[in-house]
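Undergrad: Order-wise, the sequence lines are chains A and B.
Going by the UniProt record's numbering, the first residue of the first sequence is number 1, and it counts up by one from there.
Going by the UniProt record's numbering, the first residue of the second sequence is number 1, and it counts up by one from there.
The hints are simulated quantities; they were obtained by calculation from the structure and are not laboratory data.
A quick note: this is a predicted structure, and the numbers were derived from the prediction, not measured.
Hints may be right or wrong, so weigh each one.
When chains are identical, the list treats them as one kind, so a pair holds in a single copy or across two.
Stated by the list, open to error - Pairs of lysine-lysine, DSBU-like flavour, derived with a Cα cap of 35 Å:
| hint | residue 1 | residue 2 |
| --- | --- | --- |
| 1 | K71 | K152 |
| 2 | K8 | K361 |
| 3 | K8 | K71 |
| 4 | K152 | K242 |
| 5 | K387 | K52 |
| 6 | K387 | K152 |
| 7 | K8 | K152 |
| 8 | K71 | K361 |
| 9 | K361 | K242 |
| 10 | K8 | K387 |
| 11 | K52 | K361 |
| 12 | K8 | K242 |
| 13 | K152 | K361 |
| 14 | K242 | K52 |
| 15 | K242 | K71 |
| 16 | K71 | K387 |
Protein chains: 2
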Amino acid sequence: MMRTRPLKVALLGCGVVGSEVARIMTTHADDLAARIGAPVELAGVAVRRPSKVREGIPAELITTDATALVKSGDIDVVVEVIGGIEPARTLITTALEHGASVVSANKALLAQDGAALHAFAEEHDKDLYYEAAVAGAIPLIRPLRESLAGDKVNRVLGIVNGTTNFILDKMDSTGAGYQEALDEATALGYAEADPTADVEGFDAAAKAAILAGIAFHTRVRLDDVYREGMTEVTAADFASAKEMGCTIKLLAICERAADGGSVTARVHPAMIPLTHPLASVRGAYNAVFVESDAAGQLMFYGPGAGGAPTASAVLGDLVAVCRNRLSGATGPGDSAYTQLPVSPMGEVVTRYHISLDVADKPGVLAQVATVFAEHGVSIDTVRQQGKDGEASLVVVTHRASDASLNGTVEALRTLDTVRGVASIMRVEGE
Amino acid sequence: MMRTRPLKVALLGCGVVGSEVARIMTTHADDLAARIGAPVELAGVAVRRPSKVREGIPAELITTDATALVKSGDIDVVVEVIGGIEPARTLITTALEHGASVVSANKALLAQDGAALHAFAEEHDKDLYYEAAVAGAIPLIRPLRESLAGDKVNRVLGIVNGTTNFILDKMDSTGAGYQEALDEATALGYAEADPTADVEGFDAAAKAAILAGIAFHTRVRLDDVYREGMTEVTAADFASAKEMGCTIKLLAICERAADGGSVTARVHPAMIPLTHPLASVRGAYNAVFVESDAAGQLMFYGPGAGGAPTASAVLGDLVAVCRNRLSGATGPGDSAYTQLPVSPMGEVVTRYHISLDVADKPGVLAQVATVFAEHGVSIDTVRQQGKDGEASLVVVTHRASDASLNGTVEALRTLDTVRGVASIMRVEGE
Numbered sequence: 001m002m003r004t005r006p007l008k009v010a011l012l013g014c015g016v017v018g019s020e021v022a023r024i025m026t027t028h029a030d031d032l033a034a035r036i037g038a039p040v041e042l043a044g045v046a047v048r049r050p051s052k053v054r055e056g057i058p059a060e061l062i063t064t065d066a067t068a069l070v071k072s073g074d075i076d077v078v079v080e081v082i083g084g085i086e087p088a089r090t091l092i093t094t095a096l097e098h099g100a101s102v103v104s105a106n107k108a109l110l111a112q113d114g115a116a117l118h119a120f121a122e123e124h125d126k127d128l129y130y131e132a133a134v135a136g137a138i139p140l141i142r143p144l145r146e147s148l149a150g151d152k153v154n155r156v157l158g159i160v161n162g163t164t165n166f167i168l169d170k171m172d173s174t175g176a177g178y179q180e181a182l183d184e185a186t187a188l189g190y191a192e193a194d195p196t197a198d199v200e201g202f203d204a205a206a207k208a209a210i211l212a213g214i215a216f217h218t219r220v221r222l223d224d225v226y227r228e229g230m231t232e233v234t235a236a237d238f239a240s241a242k243e244m245g246c247t248i249k250l251l252a253i254c255e256r257a258a259d260g261g262s263v264t265a266r267v268h269p270a271m272i273p274l275t276h277p278l279a280s281v282r283g284a285y286n287a288v289f290v291e292s293d294a295a296g297q298l299m300f301y302g303p304g305a306g307g308a309p310t311a312s313a314v315l316g317d318l319v320a321v322c323r324n325r326l327s328g329a330t331g332p333g334d335s336a337y338t339q340l341p342v343s344p345m346g347e348v349v350t351r352y353h354i355s356l357d358v359a360d361k362p363g364v365l366a367q368v369a370t371v372f373a374e375h376g377v378s379i380d381t382v383r384q385q386g387k388d389g390e391a392s393l394v395v396v397t398h399r400a401s402d403a404s405l406n407g408t409v410e411a412l413r414t415l416d417t418v419r420g421v422a423s424i425m426r427v428e429g430e
Numbered sequence: 001m002m003r004t005r006p007l008k009v010a011l012l013g014c015g016v017v018g019s020e021v022a023r024i025m026t027t028h029a030d031d032l033a034a035r036i037g038a039p040v041e042l043a044g045v046a047v048r049r050p051s052k053v054r055e056g057i058p059a060e061l062i063t064t065d066a067t068a069l070v071k072s073g074d075i076d077v078v079v080e081v082i083g084g085i086e087p088a089r090t091l092i093t094t095a096l097e098h099g100a101s102v103v104s105a106n107k108a109l110l111a112q113d114g115a116a117l118h119a120f121a122e123e124h125d126k127d128l129y130y131e132a133a134v135a136g137a138i139p140l141i142r143p144l145r146e147s148l149a150g151d152k153v154n155r156v157l158g159i160v161n162g163t164t165n166f167i168l169d170k171m172d173s174t175g176a177g178y179q180e181a182l183d184e185a186t187a188l189g190y191a192e193a194d195p196t197a198d199v200e201g202f203d204a205a206a207k208a209a210i211l212a213g214i215a216f217h218t219r220v221r222l223d224d225v226y227r228e229g230m231t232e233v234t235a236a237d238f239a240s241a242k243e244m245g246c247t248i249k250l251l252a253i254c255e256r257a258a259d260g261g262s263v264t265a266r267v268h269p270a271m272i273p274l275t276h277p278l279a280s281v282r283g284a285y286n287a288v289f290v291e292s293d294a295a296g297q298l299m300f301y302g303p304g305a306g307g308a309p310t311a312s313a314v315l316g317d318l319v320a321v322c323r324n325r326l327s328g329a330t331g332p333g334d335s336a337y338t339q340l341p342v343s344p345m346g347e348v349v350t351r352y353h354i355s356l357d358v359a360d361k362p363g364v365l366a367q368v369a370t371v372f373a374e375h376g377v378s379i380d381t382v383r384q385q386g387k388d389g390e391a392s393l394v395v396v397t398h399r400a401s402d403a404s405l406n407g408t409v410e411a412l413r414t415l416d417t418v419r420g421v422a423s424i425m426r427v428e429g430e
């Protein structure tokens, strides 16, 4: 049942992702038409630099006036791959007002304004899809929102930033330090000239906010996400991790509290056991591990970035949104009915690996152990290594709240026998 | 926008999966209602043994007359978790005729009669969903059909049978032989008393047929799937695999030919490199690795069987189908528009690892190499080990067709100096 009037698509942005979207729309036009039930036609491409040669895109489709394009009134779907907050936000709301559904790959915007945009789309009875906003090509939003719609997700543990995973994997496999691994990532194009958004965890935090909201059917704002970067992870940390049968990953962790009454979302480096499926995620790949009541443990793995992979996710959404338009329905939209509060980091409960530089003399361990006990943090293992009057003490705790652990560390720093706290790292995925 | 009239669900079968479906429908009723937009109500449960006590299911819902239940006319969704061909098939078509949409977990039926059932559902403008039929809880059909709808899938490599993966993992990690590992799987409940369907690859072949059809938008029947079981895999094969940096998995492999004009589907044990993401899939877990043009390499991992995991997939479908009914639409149905021919196994091209028992005397390698050359099979590496006048020769080939390889092996068997062909194993995932 193929109808002949094509669905019209406006493409906003024609960079790495946009040009791939345009290319595949052209080369795979017949397949897309068969899968949708109608042909799709590129009706316009809004760009900043119209003079740039764009192979395969007819010059008459190029415009610098994105607003006029989305306002033209006969656009079925607007694909937004500009990124950033403005003008993307205004263009999306204008598109929805003028009758178009929207497919976006914009994690920053969705993490910041997802609630308002969803409400706006629903008010206008249009779809707003954004599979490409989290973990590139990996189908994640659709599985969480649809496949697990009959289940209860308790935890999402994700490697959602390829740049940092490349760096950490390099440190793990070669023993390199952070700077050396970052330099290699930059040279190979895995890290940007200013890597801040990646290495400080801002990118991962935006994705954590989106994932937590979808997984727990609630609202998690970017500000709700605790964030620690991975610039202070050292080769020594990797050596410690290896001794524990672990590696180190920058994780986005979204959890439902044991009593079900609240959620947490955080991004930080953490040790995970080598036996955990996330431990073998190499290079710039992404993977998200999901734990739910009925399904148990699931993992979704793939390329988290790049033009073609991101375009794959955008086009999957485009097909779905086009089908919805043909059937006169909209897909499953925002689902934040649980309205669970987001607890602060202090209430997060996990295990910790702490390296202390201490004086190598009798009684130190007793002193240190007393501080842990006073703060209600139970010790799992202690390993002491001495040399030249100095010693290091590696303590791995049982599960404790972040607040208790912080109190413990503060008190440890006041001990004469503790020369310094070399590192504190959370242990996850056990 | 919650409507108050509940959607009525008929459950056919109340075994391991069905009882979990009923349990979750009760315990998670509020969540399901919020996610669907209307409450769902269990309207009847068809069972074979009505006298069995079924906790949490009101006795008045139990019936032995499944036909009357699906014919009652006010059922919105029929959930079929009986399994097998009949009476499941007739009940599904009767349900569709009487206005219900259908959610099924029945791989055997879908693999055998998927085309006819899809056509029947479409004719009646109803949904037929079956995420649970392949790889239990792992979202796979929805990602392939929807998330990758804008992409071109070229290859699906899957560990889709938990029993055989448990056995092979045990052999790999302990050095046990097949029988010993099977006995342990049986004792732990991972293998059935008659393990034929699992170990001979019948179960995986049904899943391969379903996956190939969805991945390539074509029709692949169960008979089109080449099938070899894993009962002849030996501890010696694992030792050989280790020497190559590989392990052995029972794989379901669906491929599009390089020219795009045909597809193949097969199930057999194969060596895969330890660095391949599928190599680290342990125990009874399943995982499916997908290669596509734009997305690149994706993997979906999780529990492939069990009551609760399968129920999770069933309920995800139930929510989707209920939403579709409320919006008056149907979801993306069957998509077999490419109608690609399925090539026979002889045309499959891959690499091979062959162990030969040969006489330990000069000239044997030259003879053997000549046979390979005569059949157009190019050798990658040869390793020779001699002891007591006997020797073993391990040959790893470059890519060659199955037909060429079979011709080679037949000719090798006629050589005086070849005492026997100890094993032939395909090498995949490189």
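Undergrad: Run every hint past the structure and note whether it holds.
TA: Cross-check of the supplied hints:
1. Proximity of K71 and K152 under a CA criterion of 35 Å is satisfied inter-copy only: 32 Å between copies versus 40 Å inside one chain copy.
2. Taking the shortest alpha-carbon separations for K8 and K361, neither the intra-copy value of 76 Å nor the inter-copy value of 73 Å comes in at or below 35 Å.
3. Taking the shortest Cα distances, K8 and K71 sit within 35 Å of each other inside one copy (13 Å), while across copies they are farther apart (43 Å).
4. For a Cα distance limit of 35 Å, the shortest separation of K152 from K242 inside one copy, 34 Å, qualifies, whereas the shortest one across copies, 40 Å, does not.
5. For the homomeric pair K387 and K52, neither the shortest alpha-carbon distance inside one copy (63 Å) nor that between copies (69 Å) is at most 35 Å.
6. Taking the shortest Cα distances, K387 and K152 never come within 35 Å of each other, neither inside one copy (51 Å) nor across copies (60 Å).
7. Taking the shortest Cα distances, K8 and K152 sit within 35 Å of each other only across copies (22 Å), while inside one copy they are farther apart (38 Å).
8. Proximity of K71 to K361 under the C-alpha cut-off of 35 Å is found in neither arrangement, the shortest distances being 75 Å within a copy and 82 Å between copies.
9. For a Cα distance limit of 35 Å, the shortest separation of K361 from K242 inside one copy, 27 Å, qualifies, whereas the shortest one across copies, 48 Å, does not.
10. In the homo-oligomer, the alpha carbons of K8 and K387 never lie at most 35 Å apart, since the shortest distance is 72 Å inside one protomer and 72 Å across protomers.
11. When the C-alpha separation of K52 and K361 is checked against a cutoff of 35 Å, the pair qualifies neither within a copy, at 70 Å, nor between copies, at 69 Å.
12. In the homo-oligomer, the alpha carbons of K8 and K242 never lie at most 35 Å apart, since the shortest distance is 54 Å inside one protomer and 54 Å across protomers.
13. In this homomeric assembly, K152 and K361 never come within 35 Å of each other (Cα to Cα): the closest approach is 51 Å inside a single copy and 66 Å across copies.
14. Taking the closest pair of Cα atoms, K242 and K52 never come within 35 Å of each other, the shortest separation being 50 Å inside a single copy and 52 Å across copies.
15. Neither within a single protomer nor between protomers do K242 and K71 lie at most 35 Å apart by alpha-carbon distance, with minima of 57 Å and 62 Å respectively.
16. With identical chains, the CA atoms of K71 and K387 are never at most 35 Å apart, being 72 Å at best within one copy and 81 Å at best between copies.
Hint compliance for this structure: hints 2, 5, 6, 8, 10, 11, 12, 13, 14, 15 and 16 are not met, and every other hint is.
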